[in-house]
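Novice: Chain by chain, the residues run as shown.
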Amino acid sequence: MRRKVVIFVILWLFYILQTTVFQLQTVTGVSPNLLLFLTVSLAFMQGKKEGLVVGFLCGLLIDLFYSRTLGFHALIYLLIGYGTGHFCHVFFDEDVKMPIILVAVTDFIYSMYIYVFGFLLRGRLEFGIYFTQIILPEIIYTVLITLIFYRLLFKINHALIDRQKEERQSLWIRD
Amino acid sequence: MRKTRKFLNGLLKSRHVLIVLVIICITLILATFTRENSQGPLYTIAGTVITPFQNGVNRVGNSLLDWSSGFKNVQKLNAENEELRAKIDELTAQNTQLIQAQAELKRLEDLYELDQEYPEYTKVAASVISKDPGNWYSTFVINKGTADGLAVDMNVLAGSGLIGIITETGENWSTVRTIIDDASSISGMIASTSDTCVVSGNLSMMDSGKIEFSELKDRDEVVTEGTAIVTSNISTKFLTGLLIGYVAEIEEDSNHLTKSGTLIPAADFKNIREVLVIKELKQTKEMSN
Numbered sequence: 042m043r044r045k046v047v048i049f050v051i052l053w054l055f056y057i058l059q060t061t062v063f064q065l066q067t068v069t070g071v072s073p074n075l076l077l078f079l080t081v082s083l084a085f086m087q088g089k090k091e092g093l094v095v096g097f098l099c100g101l102l103i104d105l106f107y108s109r110t111l112g113f114h115a116l117i118y119l120l121i122g123y124g125t126g127h128f129c130h131v132f133f134d135e136d137v138k139m140p141i142i143l144v145a146v147t148d149f150i151y152s153m154y155i156y157v158f159g160f161l162l163r164g165r166l167e168f169g170i171y172f173t174q175i176i177l178p179e180i181i182y183t184v185l186i187t188l189i190f191y192r193l194l195f196k197i198n199h200a201l202i203d204r205q206k207e208e209r210q211s212l213w214i215r216d
Numbered sequence: 116m117r118k119t120r121k122f123l124n125g126l127l128k129s130r131h132v133l134i135v136l137v138i139i140c141i142t143l144i145l146a147t148f149t150r151e152n153s154q155g156p157l158y159t160i161a162g163t164v165i166t167p168f169q170n171g172v173n174r175v176g177n178s179l180l181d182w183s184s185g186f187k188n189v190q191k192l193n194a195e196n197e198e199l200r201a202k203i204d205e206l207t208a209q210n211t212q213l214i215q216a217q218a219e220l221k222r223l224e225d226l227y228e229l230d231q232e233y234p235e236y237t238k239v240a241a242s243v244i245s246k247d248p249g250n251w252y253s254t255f256v257i258n259k260g261t262a263d264g265l266a267v268d269m270n271v272l273a274g275s276g277l278i279g280i281i282t283e284t285g286e287n288w289s290t291v292r293t294i295i296d297d298a299s300s301i302s303g304m305i306a307s308t309s310d311t312c313v314v315s316g317n318l319s320m321m322d323s324g325k326i327e328f329s330e331l332k333d334r335d336e337v338v339t340e341g342t343a344i345v346t347s348n349i350s351t352k353f354l355t356g357l358l359i360g361y362v363a364e365i366e367e368d369s370n371h372l373t374k375s376g377t378l379i380p381a382a383d384f385k386n387i388r389e390v391l392v393i394k395e396l397k398q399t400k401e402m403s404n
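Residue numbers (the working numbering), protein chains in the order written: chain A, 42 to 216; chain B, 116 to 404.
If you're looking for bench data, these hints aren't it; they were derived computationally from the structure. Note that beta-carbon positions come from the ideal geometry of N, C-alpha and C, so glycine has one too. Hints are not guaranteed to be accurate.
As the list claims (entries may be wrong) - A few chain B residues facing chain A, derived, Cβ under 7 angstroms:
no.	residue
1	V132
2	I134
3	L136
4	C140
5	F168
6	Q169
7	G176
8	L179
9	W182
10	S183
11	F186
12	S245
13	S275
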């Protein structure tokens, strides 16, 4: 329970940071995708179900304020969370290399989803420009964020899990 | 208790959660794909939980930004200050002349009983509290909403130019889609000749700070670089005569009938903090006239 609350607070904090501090410089400037980083990292550490739920919540928050169609972002975020969850327990989750690869790949998939449904279908064909101006910088920034913050998130998550286990054991004894 | 919970956990495989949530998403997409406006309870809750914090965080961020740039720019500001003082003297002289000219104009207008061309609109000032989290669209949220009398489709200005239009409102927030957003397309016209054109945002040109215009029927061949483009009278959502920007490049289309090109927006999109919302809708205005 405590873990869920903390994760939810982190998610909410990331959303606020993403829409304020990280967008301060310009409207047109490219910024990293914090929510994608959160979804991918948690899915990689905790598995499919958590990735799924966290992704859904992240996407829904974006949809509420910034999308004309509800569920558009929620769908891709939850699929990304679910997909990344498959790599959980297959690799060592304290190693930062795997999350970086996952973040880069999923950010590309996410960008393609937005490009195809938001732009290509309206006849914007210049993929090269979009790739060099938006997709590539976003991936690089998000990978940088992963490099810096993944360890921190990993430590927070493990501290929470340890605590959860302790509580469970103490309950067990009392029973 | 523990047993039922374990049972539930076992039953709720991630695959089932996936299917349920995907179905929810697709239903939401289908249900809201063609919606005109949105005023659900979900928005009200989200608005009250999120916006106050964004407001606070942004205020702190902005003041930090001001503080740091203030130190950096002291030298530059001093030089600028000198320059501006000189400019003030120059402008004061000019101003007195203009006041005289204005008085004369007023007198002549009275003489001819001309109405003012553009009536003064009532405006509300609002500050920007958050911006689109992604990099694909340029929309932002302001800190005023239905409580201050704002409504969907109200025009938003910043400085001298048009900046966008309200697409969603809550009690204490509104979402504004800017005119440089890729999905934005508005009907404009040349101020002097009333020839219309279509002004649309384009993400691939966002780096250069320009937007596109097309389908301009320039019958009298008067449009050159620097010509002002304003919102047209045939636009359904934008009030007439708001300054959009100035023509930067123009060329004839291959059909030799219309022209297209780029224009530089009059509003400064690089740092939008305060905006003015015109509390008047084109539709209601027309009805009352």
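Novice: Holds or violated: the hint that F168 of chain B contacts chain A, with Cβ atoms closer than 7 angstroms.
Specialist: holds (5 angstroms)
Novice: Restraint: S183 of chain B near chain A, CB-CB cut 7 angstroms. Satisfied or not?
Specialist: violated (12 angstroms)
Novice: Should the interface hint for S275 of chain B be scored as holding, given a Cβ-Cβ cut-off of 7 angstroms against chain A?
Specialist: violated (17 angstroms)
Novice: Tell me if the interface restraint on S245 of chain B is satisfied: Cβ within less than 7 angstroms of some Cβ in chain A.
Specialist: holds (4 angstroms)
Novice: Hint check: is the beta carbon of C140 of chain B less than 7 angstroms from a beta carbon of chain A?
Specialist: Where the cut-off is 7 angstroms and the nearest Cβ of chain A is about 4 angstroms from C140 of chain B, the hint holds.
Novice: Grab the minimum C-beta distance from Q169 of chain B to chain A and call the hint holds if it beats 7 angstroms, violated otherwise.
Specialist: Check passed: Cβ of Q169 of chain B comes within 5 angstroms of chain A, closer than 7 angstroms.
Novice: Can we keep the V132 of chain B interface hint, with Cβ of chain A closer than 7 angstroms?
Specialist: This interface hint holds because 6 angstroms falls under the 7 angstroms limit.
Novice: Have a go at the L179 of chain B hint: is there a Cβ in chain A nearer than 7 angstroms to its own Cβ?
Specialist: With a closest approach of 9 angstroms, the L179 of chain B hint is violated.
Novice: Hint check: is the beta carbon of W182 of chain B less than 7 angstroms from a beta carbon of chain A?
Specialist: violated (13 angstroms)
Novice: Hold the hint about L136 of chain B up to the distance rule: shortest CB distance to chain A must be less than 7 angstroms.
Specialist: Since chain A brings a Cβ to about 5 angstroms from L136 of chain B, closer than 7 angstroms, the hint holds.
Novice: When the nearest CB of chain A is found for I134 of chain B, is that gap smaller than 7 angstroms?
Specialist: Result: violated, 10 angstroms to nearest chain A Cβ.
Novice: Take the shortest C-beta to C-beta distance between F186 of chain B and chain A; is it under 7 angstroms?
Specialist: violated (17 angstroms)
Hint compliance for this structure: hints 2, 8, 9, 10, 11, 13 are broken, all remaining hints hold.
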